[in-house]
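**Q** Heads up: the protein sequence lines correspond to chains A, B and C, in order. The first sequence lines up with residues 38 to 382 when you count with the working numbering. The second sequence lines up with residues 1354 to 1593 when you count with the working numbering. The third sequence lines up with residues 216 to 503 when you count with the working numbering.
Since the hints were derived computationally from the structure, they do not count as laboratory data.
Derived coverage of chain C by chain A (criterion: at least 3 residues anywhere in the stretch with Cβ under 8 angstroms from a Cβ of chain A; other residues may be distant):
#, region
1, 292-304
2, 318-324
3, 477-483
Ideal Cβ placement from N, Cα and C applies to all residues, glycine included.
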Amino acid sequence: MKIDPRWAGFLVMVALGLLLMFGLPQVLDLFGLVQMTVFVAMAMFALSQGFLWGYGGIMSFGQAAFFGLGGYAYAIAVINLGDSTLPVVIAVAVPVVFAALLGYFMFYGRISDAYIGVITLTVSVILFELVNSTSGDAYHIGAAQLGGFNGIPGVPPLNMPGDSSSPLDPGQMWYAAVGSLIMVYIVLRAILASRFGRVVVAIRENETRAMLIGYDPRFYKLLTFMIAAGVAGLAGCLFTNWGGFISPTVFSLTMSAQVIIFVLVGGLGTLLGPMIGAVGIEYLITIAGSQHLVDANLGLGIVLVAFVLLVPQGVVPLIRDKVLPFAKLVPRQSKPIPTGAEVPR
Amino acid sequence: MTSGTLLEVRGATMRFGGVTAVDTVDLTLREVELRCLIGPNGAGKSTFFKMLTGQLVPSSGTIQFRGKDITGSNPHEIARLGVGIKTQVPNVFNGLSVRENVFIGAARRKSIKHARQIVSETLSRLQLDSIADRIVGQLAHGQRQWVEIATVLAQEPDLILLDEPAAGMNHAEVLRTAELIREINRTQALVVVEHDMQFIRMIASTVTVFNQGRVLMEDDVGHVLADQRVRDVYLGKQAA
Amino acid sequence: MDLVGLLAFNVVAGIATLVLITLGLGVIYGMMRVINLAHGEFMMLGAYTAVTAVDAGINIWVAMLVLPPVLVGLIGLLLERTLIRFLYGRIIDTMLATWGVSLGLIGLTTTIFGNMVRAVPVPVGGFAIGRYGASLFSLVIIAAAIAGLVGMLALLRLTKFGLILRATMQNPNMAAALGVSPPTIYMATFALGSALAGLAGGVLAPVSGISPSMGAAYISRAFITVLGGGPAIITGTGLASSLFGTINSLVSFETTPVIGDVALLAAAILMIRLLPQGITGRFLRRSL
Ligand SMILES: Nc1ncnc2c1ncn2[C@@H]1O[C@H](COP(=O)(O)OP(=O)(O)OP(=O)(O)O)[C@@H](O)[C@H]1O
Ligand SMILES: [Mg+2]
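Construct all of the structure, not just a fragment, from the sequences and the given hints.
**A** Here it is, written out as structure tokens:
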């Protein structure tokens, strides 16, 4: 029996994920594991942007809006409810609903690609400013004080589903985080393999043709946007859990820029790439953060410019298409992914 | 077979600023009819197709498909009613394989299994099996035309619009295209835009002549090609 | 009555501020379809130029109005030569690259100057509108905005360079026909837009908290005002700034400055939806 190479790749990925999930706790101390947990949250955030941009061809410059909404939704819900089961659902639902409203406005308004970047960016700035200005006792949702630029400290961590008296310890949190990452990966793969996913990619390739066949691009883009928002929300929820804390910086432009860099560095049009990009860059930032000579933004900026100019396809496609075929490990299959939208007229 | 009206266009007009690309065009097409549309460059043929498929909203006039008013409808809505188009500039999914292109055409509102069946039938019908797994962006222009036609056929539309299907094809391919069009016409209506008069003769049918956005005449192929006015506006330039 | 006077004055000052922060971005976007996401950081550099010069004992007017545009214009020129010119026609890539530049500049400034907020003294005092006090410095901002608009208009209308710019805007090949290569025009335009951003940063320095990350506050406002204005850079910037500036000032007055900003951004998003080509894409198409 011949196995489709894409199937094989998928199985290898899941196996690797499980290996990391159970293997890392054996080799890392708790401190290292906790550090890795935040990388996992960022990897999930990168999956959101990678799915939206690489497959949907939709360029969001403000994906942090959904990451932040997920984080805040979780924090506020769990402070009010105590048990974390429902808040996790809320952390996904709030960004999805918000994306539905914003996406309907943008896609059904036939706003051109570059302007979608502008609008998403602006929306994240609006959220940042709004949340940033909620200092003072007057701003609270139920029992949760929003705290303005100081954020919300002491957010309760996840607990065993339905049992608020048994919160997860940091070790268990690792399993929860990697487990959800693997799950999200599987779900996204399944979506891409489905008819819906193939149409999404087809629309990225040629919107006019898809329309002339009878697909409504607005609908597919809206749904893609909502799925990506849900993933970003879940990532935000994990992020909040990791530190037990959330502040308006989750909505910042740096956050949105970072996730774009993850995807660009790792590789557009892959799911593995964004995750590798996230972990790699986050690791570099951690190293850079421990020295105080230069600011981390400088490094991020240089990486971004260098990749746009020199390696626009990203690391994973580079290895897949240039290095591996050279070593005759896999057949060559280059598929150019358009990164530059047309100039709006 | 006398059957009902498939397409009814009344007074269709398309203005771009000062240019009137299509000017009060009337056109009626019966079910399962084959119609050729000819006219010199800039006569408004492609613009007319864009109006029929919803890519352009007519400045005035109405378009009815099976009695339903589709003037100004969205392209995807018109496509769903059963209109397929191969555009003049190839419109394919460049990053996808031939098979995937055709699959996207076939898959709408059908089970995956049914769609796969249509894909394999269409691929062999158009002799695309040998390149089924190639990436379309890497194919030659003529092959991409075939892929686009295959995608449109897989859609199983009742009306197929072909804008210059033989352009850039060699003689053998042109012959095959003509044959294919006659075969398609057994079950589906077509409107074919072409400049190649030999090709028009091969698929012989009623011909509508456009000139400067207006219908110059409409008659069977023999009369049209013999008509002096048509020679003047069109064939004269080609020294046919 | 005094209140109305004060309010009107603040509205005009708000509009002028928006004009200042938008003009540089508008010139670059309007002429070359490049969305310069480092615009806010160019302003930040202008502000740092001012604060550094003032600290060095240079006359404050020179530090505010002369040095920032010159220095930032040169930085823009350098960036255009080394980076931007490789990316023309790829709008998303230029956005990404200029975003990279923006982060890099934030990082560089933080490394050099540290993260603390600096300030430039306000060089003029206040005056009274009836019972209310108003800042004389707002008049400086208004004057600078008017000078910017009129200067650009004069440049486009009266000079040979302006003629070539207008020609390039309509059709890049026209410039070649006029004997100037489009790359030279693009280079000059980018430097000009950068200089305008520097000027804005310098002029606004006394009323800003100057820190490496201050640019973020400007970019989305500038950006969205440019899009709202549409293809005619000067008229568009003027009109869109008037509209959004009025909304911003009035809502800020009624509520808080934050809500005012949010109202501005929300109005602009709505505007992009209703008039995707901007105000001058629909009206006054023949203006500059
Ligand atoms: N979007 C547009 N804006 C302005 N004018 C247009 C537009 N599209 C087409 N035209 C003009 O309308 C006229 C008809 O063009 P059209 O492409 O329909 O001609 P055609 O008959 O298909 O020609 P050809 O045989 O060369 O394909 C031409 O003069 C063309 O310049
Ligand atoms: Mg044509």
